[in-house]
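Build out the structure end to end from the sequences listed, making use of the hints.
Residue numbers (numbering that gives the first Met the number 0), protein chains in the order written: chain Y, 0 to 332; chain H, 0 to 175.
Simulated from the structure, these hints should not be mistaken for laboratory data.
A quick note: this is a predicted structure, and the numbers were derived from the prediction, not measured.
This list has only true hints and no planted wrong ones.
Below 27 Å or equal to it, Euclidean Cα-Cα: the simulated DSS-like pairs (lysine-lysine) are:
1) K130/H / K140/H
2) K308/Y / K7/H
3) K23/H / K34/Y
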Amino acid sequence: MSEHLLTLALILVKLGLIFGVVLTLAAYLVLAERKILARMQLRHGPNRVGPWGLLQPLADLIKLLTKEDFLPARADKWIFLLAPGLAAVTALLAFAVVPFAPPLSLFGREIPMVVCDLNVGVLYFLGLSSLAVYGVALGGWASNSKYALLGGIRGLAQLVSYELSMGLSLVPVILMARSFSLTDIVLAQEQAPFFLLNPVAFLIFLISVAAESKRIPFDIPEAENELVAGFHTEYSGMRFGLFFVGEYINMIVLGAMTTVFFLGGWLGPVLPGVVWFSLKVLAVSFVFIWMRGTLPRLRYDQLMHFGWKVLIPLALLNVVVTGAFLLWRGGWA
Amino acid sequence: MNLWRDIKGTLQPFWITLGYLFKKPVTIQYPEEKRTPFPRYRARIVLTRDPDGGERCVACHLCSAACPVDCISMQAAEGEKGRRYAAWFRINFTRCIFCGLCAEACPTLAIQMSPDYEICNRDPLNLVYEKEDLLIDGGGKDSTYNFYRHAGIGVVNPRGGNEDEVGPVDIKTNLP
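Here it is as structure tokens:
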């Protein structure tokens with residue numbers, strides 16, 4: 000009995016820890032993005048609130064919380080109210096399967112540093128990442144606004160073009176690790192991280208993940224200069240804030256997934272596992288920000304072209320080649 | 000489709016943005032750092048004085064006539080010896096567009112543009128400047144210019160008595 004209670008307590012502690020860290024990180028990622036983008040454009044970025052603008056996330060939070068919570072006329076009330084939560088919650092839930100450090104031995108107990116080491120972790124992640132777009136689609140649908148509707152439709156159109164190649168780019172990873180569990184995938188990268196062994200899959204995954212995060216080269220559902228603000232045009236206050244913070248949590252989660260699948264998770268010399276993991280996640284996040292500072296937005300037919308005619312054939316080919324190679328050698332090791 | 004060109008065109012910008020990341024921002028952080036405007040920058044209008052210390056303005060109304068937004072108003076008055084001056088002189092800076100036409104129109108170089116650009120205010124009424132607010136001690140851009148010293152009018156010296164002037168001719172001496 001007490002064994003169960005202890006496990007439950009440990010899970011709750013880990014949950015609280017992850018909640019705190021991920022939400023804080025998401026808030027500061029906003030600041031980091033604004034700062035880095037500004038420096039890439041030879042500006043300073045926010046530097047008025049607190050030293051170097053470090054209190055800016057707090058100020059943003061206060062602003063968002065005190066804004067009017069606006070409900071457009073003839074909007075689909077319940078869906079409208081629930082959609083932002085869906086966007087943020089699916090992003091947060093995906094973090095449950097991410098192993099962020101090697102298992103810890105404490106008081107003779109082996110504590111896995113993951114909230115829930117599902118043996119179908121990869122599928123769980125893929126399922127949640129496709130659910131995340133429901134927030135966009137429903138929010139856009141319920142707003143009773145043409146811009147939001149167009150944004151939602153574009154979100155779905157985008158989903159069908161990147162989701163398949165993202166799933167297919169993970170097949171070689173699963174083939175090489177011989178497991179769906181994220182912990183096993185990390186452990187399989189003991190000798191060499193998968194992005195060295197299978198750079199094509201890594202590249203496809205990175206591009207798909209950039210599309211999944213709905214950030215600038217692929218921010219087609221938002222498309223400021225075409226659709227006002229896309230699917231969240233009609234949202235204000237903290238509901239907009241939830242969409243917004245969901246986007247950044249998503250960025251962290253996708254960074255964590257890239258880290259786990261291709262960059263070797265917590266594995267690394269000298270430094271402890273958590274530090275390596277955080278460094279890799281932050282590095283991927285930086286690449287996302289860098290991408291935003293560099294590339295223009297694709298047209299949505301260009302994205303569909305790219306997804307269906309380039310990424311998916313390439314990913315399929317990669318699956319075949321990797322599979323054949325593994326069959327021939329009997330495993331990559 | 001030139002694949003190599005496309006790949007290069009996608010990757011090259013990344014190096015450029017990375018390079019910019021380590022450059023110094025060009026922003027001038029206004030309240031702390033202020034840029035020094037150029038001497039001919041057109042901001043707050045001033046009324047200048049002679050080298051002798053008298054007001055240059057002769058209340059000729061040319062500036063208010065030139066003003067496209069009608070922000071200058073004044074009342075002309077005359078001192079002893081016919082010295083004209085403005086009894087009151089008012090510039091409404093809430094209307095002023097800092098075009099500098101008044102300074103161009105001024106025959107005595109009295110009204111001039113100064114580079115002092117920090118005149119924002121929360122109360123628009125504080126931006127209505129009276130003569131006392133506009134007058135400065137000094138000649139501004141052409142500090143040696145002194146209108147009545149070569150105007151041909153007997154205000155400082157008798158008519159034609161200034162050093163670059165010729166005295167009035169007695170036309171009767173030209174008669175046959």
